[in-house]
Every structure is written in C-alpha cells, then in structure tokens.
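Construct all of the structure, not just a fragment, from the sequences and the given hints.
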Amino acid sequence: MSKQTIPDTEEAWDKRDLGADESFVGVVGDEEEARIDEAAGTQLISIRMQKSMIEDFKMIASINNGIGYQTLMKQILQRFVDCEMKRLAREILSERMAEQHRKESAKQPNKQRKAA
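Quick note: the sequence shown uses my numbering, first residue 937, plus one each step.
It should be emphasised that the hints constitute simulated quantities derived from the structure, not laboratory data.
Backbone N, C-alpha and C define an ideal beta-carbon position, used for all residues, glycine too.
No incorrect hints appear here.
List of simulated lysine-lysine pairs, DSS-like, C-alpha gap at most 30 angstroms:
no., residue 1, residue 2
1, K1039, K1022
2, K1010, K951
3, K994, K1010
4, K951, K994
5, K1050, K1039
6, K1010, K1022
7, K1022, K994
8, K987, K1010
Label-pair ranges, simulated between beta-carbon atoms:
no., residue 1, residue 2, range
9, T1007, V963, 16 to 26 angstroms
10, T978, M1021, 12 to 22 angstroms
11, V963, A1034, 49 to 59 angstroms
12, G962, Q1014, 21 to 31 angstroms
Shown next as structure tokens:
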C-alpha cells in the first residue's frame, strides 16, 4: 500500500490538500512560542469588542477568500496605521513648510512705494 503524493503547489496549500492534516499538528512550549512571536515581530494582546462587531468581522472575512477574522482585523489595523502615518507626515510637512515660508517672508524688507 503506497501513499498518494500531492504536488507541492500553491493551489494544493490553498485548497488545504497540504498542511491541514491533524497528524502534523503539535503544541509548542512557551519558550518556542516566544521565539516564534519574536521572529514574527508579534505580541499577543487582549481586546474587548462588541459581539456584533466580531460577527461582522467573521462574515466579511469569510467573503474575503475565507481568511480568518483575526487576520482581517490585523489587516484593517495595518491599513489604518499606514494611512494615519501618511496623514501625520503630510500635516507635519505642511506645518514646517508654512513656518519656513513665514521665516522667509519676515527676512525680506518691505518695499516702499511712491505715493501719487
């Protein structure tokens, strides 16, 4: 009796032909989990949310290629952070440019005009 071979393709992983067998699942210890989190640059947090919002996230996640709702939440938070950082950078740049313009205007002498 031989085992069936499944080609190692992205499609096989996406369809869960590969990587979904419980015989390959194991529990790691606290130290190993900490090393994985450190390598991934992640940190476990706890947050309280309305149940209805969590259900909405789950529904949206299932429509979006069946990703997990926590993955979706992480993506949404990353989008917010990216947009907010850009907004803050534009705001700071605008303030600095306005300050520079005020300084340059103050340095220039007022031109006197002839009265008629």
